Structures are given as C-alpha cells and as structure tokens.
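> Residue strings, one per chain:
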Amino acid sequence: MEPIIEMKHLSKTFGDGNSQVAALRDVNIAVEKGEIFGIIGLSGAGKSTLVRCINLLERPDEGEVLFHGKNLMAMSEKELRAQRKKITMIFQHFNLLDQRTSLENVCFPLELVGTPKKEAKKRAMELLETVGLPDKANAYPVQLSGGQKQRIAIARALATNPEVLLCDEATSALDPKTTRETLRLLQDINKNLGVTVIIITHDMKVIEEICGRVAILNHGVVAEIGKVEDVFSMPKTEAGRRLVYPDGLPAELLPKTKVIRVAFNGGTAYQPLIASLAIDCGVKVNILGADTRNIDGKAFGTMLLGLPEDETEAANALAYITSQKDITVEEVPNYHA
Amino acid sequence: MLESLTAFFESLGVSKAAEQVEFLLDPSNIPFAIWETLYAPLIATVLAYVIGLPLGILLVTGEEGGIRPLPKGVMSVLNTVINLLRSIPFLILMVMVFPLSRLILGTAIGTTATIVPLTVAAAPYVARLVEASLREMDRGVIEAAQSMGCSTWQIITKVLLPECKPSLINGATNATITILGYGAMAGNIGGGGLGAISLMRGYGRSQTLVLYVAVIILVILVQVIQSIGTALCVKTDKRITKNSKKGE
Ligand SMILES: Nc1ncnc2c1ncn2[C@@H]1O[C@H](COP(=O)(O)OP(=O)(O)OP(=O)(O)O)[C@@H](O)[C@H]1O
Ligand SMILES: [Mg+2]
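As you go down the protein sequences, you meet chains A and B in turn. The first sequence begins at 25 in the working numbering and counts up one residue at a time. The second sequence begins at 29 in the working numbering and counts up one residue at a time.
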C-alpha cells in the first residue's frame, strides 16, 4: 500500500519566550490509501494541531506534509487551495453556514469551483441522499439536531470528491447513539467511496469502532503507532497504558515478577531496608503488602515484596535482603495465579 | 380651519399662534422640510458605507491572526485615522470640512453641502459598526471555509458578509439614525429640514408650536427607520426559527 498522506518530522511550537508550548515534536506518520486511521490523545496532546497541519490550516515550524508524495508546504497558495478540495475536513462544532439551508451548505464548495447552479443542486441532493437527509434539504442549521448537522457537514465535505476526510473530534458533541450512527456513516463512505479517513479523538471507543490503525499522541510526541488491536491490547508505553487503562493496569497485565515474603525478627526497621536497597543496589522493589509493627525502633512482622522484572536486578535484590541480620526470606511461588 | 386651529392654540396659551399655524399648514413647508431632512443624510449614509464598509472589512481581515493580515503599520494608521475622525465633535468637523465641501460641490452652504461633512463624520463610524458586526463571526466557520479551499475574496463575499447580514442591517439602521441626527445639527450652517426649522423658528423666534411639531415628526421618522431596520434584520436572520419569529 502506498501512503496517501505522510507527515515527516513535523514540529510546531506556539508562543514565545517563557510561555512556549511545543504542540508537536518530530511527528512521523504515514497514512495509507483507503484506511481509517485514528489519532488519539488526552486533551492538549496536540491532536487538533496535528490535523490542522495536514491541510496546512496551521503551518508546521519544521517538517513536511506529503500528499501523494508531493510536499504541500512547498506549494503556492493557489495550488494549496486546489489540494484542499481533495483533503476536506469536518469539525466538532460542525461549522455550517447558519444563513444557508442544508442544500445551500452542500452547494457551497461547488460554488467555489464555479459549478453551474443546476448541476451543483443536483449533486448536493445526491449527497444529501448519501447521508440520509434528503428531506432536510430546505432546513436551516438552527432547525437541525447535532447529528443531522454533522451529516450535512459530511455531505458538504464530500461535495468535491475528496480523497481524504479529516475528522477533528467529529463525534465529541454527539450522544453515544448518534456517535455510533455517524461512525457507521464514515465507515460506509470509506468502504463505498474509497475515501481515506483520518479520525482525531480522545475517545477509545471511537477508535475501536472503526479504525484499522491508531497513533497515540502524548505531549506532542507519537508514543505508539500500529494496529488498533495490538496497541490497545498491550500498550507498550506509559502514555499508552494511561490512555487505555485510565484506572490502572488490570492484574493480568501486571508484570509477572518474583514475589518474596520477608519476615522481620526485631532487627533493622523495614523502611531503611527499602531505602538502602535502592541506594546500595540501585534496585526498586514494589511493596505489595505489609503487616509490620515498629517496637522501640525495631521491626516485627512480614512484608510482601515484588522484585524487579530484570533477572540480575532481582537476584541482586534477593542477595542483598538475605544478607541482612534478623531477616528471613522465602519465595511466594504462585502469587500471580 | 385656519381660524379654528388658531383659536384652539390661543386658548391653550400659545403666543403668536396665527403665524405658526399658517406656517405649518402651508403645504410647501413641512413636506419639503421632511424631504430635506431625509435626503442629505440618506445619501451621506450610502456614501459612508461605500467608504466605511471596505474599511470595516479591512479592520477585521487585516489584523494579526486575521484571514489576510496587513503590515502592522498600515493597521495602526487606519485605526488612528478612524479614532481621530470619530473623536472630533460633529459641529467642529462640519466647519473644518468647509473647504472640502467647496472643492467638491462649489459651496459649503445649503442642504446638499451638508452631505460632505455628514459623510466624513459617518464613514469612520460605519467602519467601526461593520467591524463590530464581522467580529461576531464564528472563527470555526471561517476555518471550515478555508479548509474547503476558499480564497480571501471568497471568504469575504460568500462567508463573512452573508453570514453577518442581520447584524450588518442592524448596524446600518443605527448609522442611518445617527446620521439623521447629525443632519438636524447641520441646520446650523444653512442646511434645511426639520432640524433647521426647529432651530431657526422654534428656538430662534420662540415659535414653540413649530418646534414641537418639527421634533415630533423627527421622532416619528426615527421610529419608522428603526422599525424597518428591525423587521429587515429579523426577516433575513435564518438563525431565528419561524416559531420564535411569530412569538415576538
Ligand atoms: N493557536 C495557538 N496558540 C497558542 N497555543 C496553542 C494554539 N493552538 C494550540 N495551542 C496549544 O498547543 C497544545 C496542543 O493543542 P491542541 O489543540 O492541538 O490539543 P488537542 O489534543 O486537540 O486537545 P483537545 O482534546 O483539548 O482538543 C495545547 O497546549 C494548546 O494550548
Ligand atoms: Mg482538539
């Protein structure tokens, strides 16, 4: 598959002096022709900045945006305007023209290219059929629901036969049912018209519903990129985990480490043990549970410790703890089961 | 008719009633005054829009972050000139543009001559009104237009102006009424109309009856213009649904 859109080393910084925000940092993404590609990230991750860089509503400070291998950034304004008819966009707040009917809204991009009125109307009616709202042709946006407005916006975006459709939080203002219907429509458009779709969202469900591949954007950096099922089933990065499991990792995904039970028999207090372990061995252990008492600065009781994943580190830690006075150590075999 | 009206006003304690009633009933006086009151301000309003509308558009599109930013220097000159003209009181401005009126029209006296100072005073006001209307425009909609490959000119003519039409009509109503008020003041420099009548006769010759009649007609004219403006605005605004229109 050839890439239809390639973002290469995109960087964008807003503001100057102390208030600088690096919205994008060396972003590299290749979107293939015909796919539905998702870009997900928390609020402020730079998602909107990134899509706006694709059609150059925002000009990146550095890097290139290639469309069919041609650098959009090197084009004259006129050439760029022509390309924008091939890379259209829909928005969270629909951005319809309030003073025009649905039909006139869909006609708008056709007027821009000088399509004769009658022909434009005919094409617009066809598009309203495609999005399932032919009966709303003469309604003004104020008379439409959010879901209907987004359908009109989709029809408008399709008027110039685009190859790529950019969707910036296109379903974020819609309820779950309308969201699903809108996503279904985007999927149909992708399948039937062969339009490549790029979806920006902070909602995992949207990605899971219709995207083939996904990129996780974190503080302006692409943290992970790949097939949705791969990235979402086993996120490799901290940013990915935070997004996929906002309430913490489920037990089965916790790293399978060796767990030991340490019994304190009135020797070293346990806090200094954990601290000195970090200082002397450079090893951090997880305290999984503890039932200890300090009596006159002496520790009694037991504690469960998770050793590091790394085997040499685990061995070092074990050796260090075993060498302490008044401590007995035993392995807990089936802790994870 | 003449006698009975005169007697009626005399009974109300109006002095010099006969002379005033005669003036008011003469068909060549009041209707002509109304015509004079309207024509110079209306022509001035149109001319003020010819100058002020493009300036108002420039104020919005040319600013930093606008759809076609202009050099900072150009913008600050434009803003300063507009502020300067707006801060000069109309009576003083009128006297200051005498030479300009003479240059353009050959005279600085008379109703037609007031068109020049009215236009000079109104154009910067109109520019600000237009600017305020266009600023109501949702940035997202402009962005959507840009994402469809709109040129700057297309954004102005197909998005900004049509989408802001109701607000622009409101502004034009305000402008017309304000300029009408300025026009009444122009009675001072030999302009005609209801303003001149109320000043010269009503105030100057203590013809209170004439004064009240002239002022009442002015008030009615303003009301009519305002009603027409509001009706046009509501009719064009598609953001107002049929039901809420009926409810008004
Ligand atoms: N025009 C701008 N001027 C200054 N800073 C900006 C501008 N646009 C975006 N930023 C900053 O860049 C960062 C990324 O913003 P962006 O809108 O791309 O985030 P996002 O991922 O779309 O967030 P959200 O989910 O809230 O829409 C934010 O810190 C934001 O404050
Ligand atoms: Mg955003």
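Because the hints were derived from the structure by calculation, they are not lab data. As the structure is a computational prediction, the values presented were derived from the model and not from experiment. We treat Cβ as the ideally placed atom computed from N, Cα and C, and that holds for glycine. Just so you know, not all the hints are guaranteed correct.
Derived lysine-lysine pairs resembling DSS-like cross-links, with alpha carbons at most 27 Å apart [said to hold, decoys possible]:
#1 K57/A / K308/A
#2 K100/B / K102/A
#3 K145/A / K193/B
#4 K110/A / K186/B
#5 K263/B / K145/A
Short derived list, chain B residues pointing at chain A, Cβ under 7 Å [as the list claims (entries may be wrong)]:
#6 A45
#7 A46
#8 M176
#9 G177
#10 E191
Not close to chain A: a few residues of chain B, all C-beta gaps over 12 Å, as computed [unchecked claim]:
#11 S56
#12 R114
#13 T140
#14 I268
> Next step is simple, just say for each hint if it's right about the structure.
Here's how the hints hold up against the structure:
Between K57/A and K308/A, the direct Cα distance comes to roughly 47 Å. Violation of the 27 Å bound is thereby established for this hinted pair. Restraint check: the Cα-Cα separation between K100/B and K102/A comes to about 25 Å, which is no more than 27 Å; the hinted pair holds. Note on K145/A and K193/B: the hinted pairing holds, with a Cα-Cα distance of about 23 Å set against a maximum of 27 Å. A threshold of 27 Å between alpha carbons decides the hint, and for K110/A with K186/B the separation of about 21 Å falls inside it, so the pair holds.
Simply put, K263/B and K145/A have alpha-carbon atoms about 24 Å apart, close enough for the 27 Å limit, and the pair holds. Interface hint at A45/B: violated, since its Cβ lies 55 Å from the closest Cβ of chain A, which is beyond the 7 Å cut-off. The beta carbon of A46/B comes no nearer than 57 Å to any beta carbon in chain A, farther than 7 Å, and the hint placing it at the interface is violated. Because the smallest distance between the Cβ of M176/B and any Cβ of chain A comes to about 5 Å, under 7 Å, the interface hint for this residue holds.
A cut of 7 Å between beta carbons decides the hint on G177/B: the least distance to chain A is about 4 Å, and the hint holds. Among the interface hints, the one on E191/B holds; its C-beta lies about 5 Å from the nearest C-beta in chain A, closer than the 7 Å criterion. Residue-level check passed: S56/B sits 46 Å from the nearest beta carbon of chain A, beyond 12 Å. With 12 Å as the threshold on Cβ separation, the claim that R114/B sits away from chain A holds: the shortest Cβ distance comes to roughly 30 Å.
Non-interface call for T140/B relative to chain A: holds, since the shortest CB-CB distance, roughly 38 Å, exceeds 12 Å. A cut-off of 12 Å between C-beta atoms contradicts the statement that I268/B is not in contact with chain A; the least separation is 8 Å.
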